[in-house]
Amino acid sequence: GDSVTQTEGLVTLTEGLPVMLNCTYQTAYSTFLFWYVQHLNEAPKLLLKSSTDNKRTEHQGFHATLHKSSSSFHLQKSSAQLSDSALYYCALSEDYAQGLTFGLGTRVSVFP
Amino acid sequence: AQTIHQWPVAEIKAVGSPLSLGCTIKGKSSPNLYWYWQATGGTLQQLFYSITVGQVESVVQLNLSASRPKDDQFILSTEKLLLSHSGFYLCAWSHSYNYAEQFFGPGTRLTVL
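First to last, the protein sequences are chains A and B.
Heads up: the first sequence at position 65 corresponds to 65 in this note's numbering, and the numbers run straight through without jumps.
Heads up: the second sequence at position 86 corresponds to 86 in this note's numbering, and the numbers run straight through without jumps.
Hints are supplied without guarantee of correctness; some may be wrong.
[Claimed, not checked] Distance condition first, Cα-Cα at most 30 Å in a straight line; then the derived DSS-like pairs of lysine-lysine:
{"no.": "1", "chain 1": "A", "residue 1": "K68", "chain 2": "B", "residue 2": "K26"}
{"no.": "2", "chain 1": "A", "residue 1": "K77", "chain 2": "B", "residue 2": "K28"}
{"no.": "3", "chain 1": "A", "residue 1": "K49", "chain 2": "B", "residue 2": "K26"}
{"no.": "4", "chain 1": "B", "residue 1": "K80", "chain 2": "B", "residue 2": "K13"}
{"no.": "5", "chain 1": "A", "residue 1": "K45", "chain 2": "B", "residue 2": "K70"}
{"no.": "6", "chain 1": "A", "residue 1": "K49", "chain 2": "B", "residue 2": "K13"}
Don't read these hints as lab results, they were simulated from the structure.
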């Protein structure tokens, strides 16, 4: 079946430094990938989405490029802010009824 | 615009007591609906999904059940709570076409003592 792998469980970094969160996936179907962000005690919110191979998608300073050749959809930001501290989920669209397959999530902690 | 509400906002319950959590979507007809559970500090776990009234599919069995009595309503319940039921319960909806993103409600924080 479909699966999403996020290799980092926790990423800690200093404000102003770049951040990259890894996401790889396995699917036998057409590909639609998502990044969600969840701040403490809040619901997950959509950050980015893409189904176009090799096209960069950007939102709120974050960007990601879907690479179907390597089955990857890594999330990047050039300069982390304190407010970026949150839980980030990569997700894959599967059978439409069941909806999304989520990775285990990566917790990002940004320090001054 | 579509809005999603969950009730209650938070609940403290005793082990063995019954539970009913609700979710309502306004401004969207025939949405796909989902229930997720998240342990404190843990990942999202999909519990149930529904594509139409009266039809609910189980993804993970956690001694919980779900029902969709109306097009815009999704209910999560159990007759006997366990300590392991504590956590954050999230309802989500999506359009009923392929590869649709999901929109999450504000969640219900459940503490079982």
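* To do: Take a quick look at whether K49 (chain A) and K13 (chain B) sit within 30 Å of each other, Cα to Cα.
  => 38 Å, violated
* To do: Would you mind confirming whether the straight-line C-alpha gap from K49 (chain A) to K26 (chain B) stays at or under 30 Å?
  => At roughly 24 Å apart (the allowed maximum being 30 Å), K26 (chain B) and K49 (chain A) satisfy the hint.
* To do: Mind checking the alpha carbons of K68 (chain A) and K26 (chain B) for me, to see if they're no more than 30 Å apart?
  => 36 Å, violated
* Could you grab the alpha-carbon distance between K80 (chain B) and K13 (chain B) and see if it respects the 30 Å cut-off? => Between K80 (chain B) and K13 (chain B) the Cα gap is close to 10 Å, so the pair holds against 30 Å.
* Is it true that the CA of K45 (chain A) sits at most 30 Å from the CA of K70 (chain B)? -> 25 Å, holds
* To do: Below or equal to 30 Å on CA atoms is what counts here, so check K77 (chain A) against K28 (chain B).
  => Not satisfied, since the Cα-Cα distance of roughly 34 Å exceeds 30 Å.
Checked against the numbered hints above, the structure violates hints 1, 2 and 6; every other hint is satisfied.
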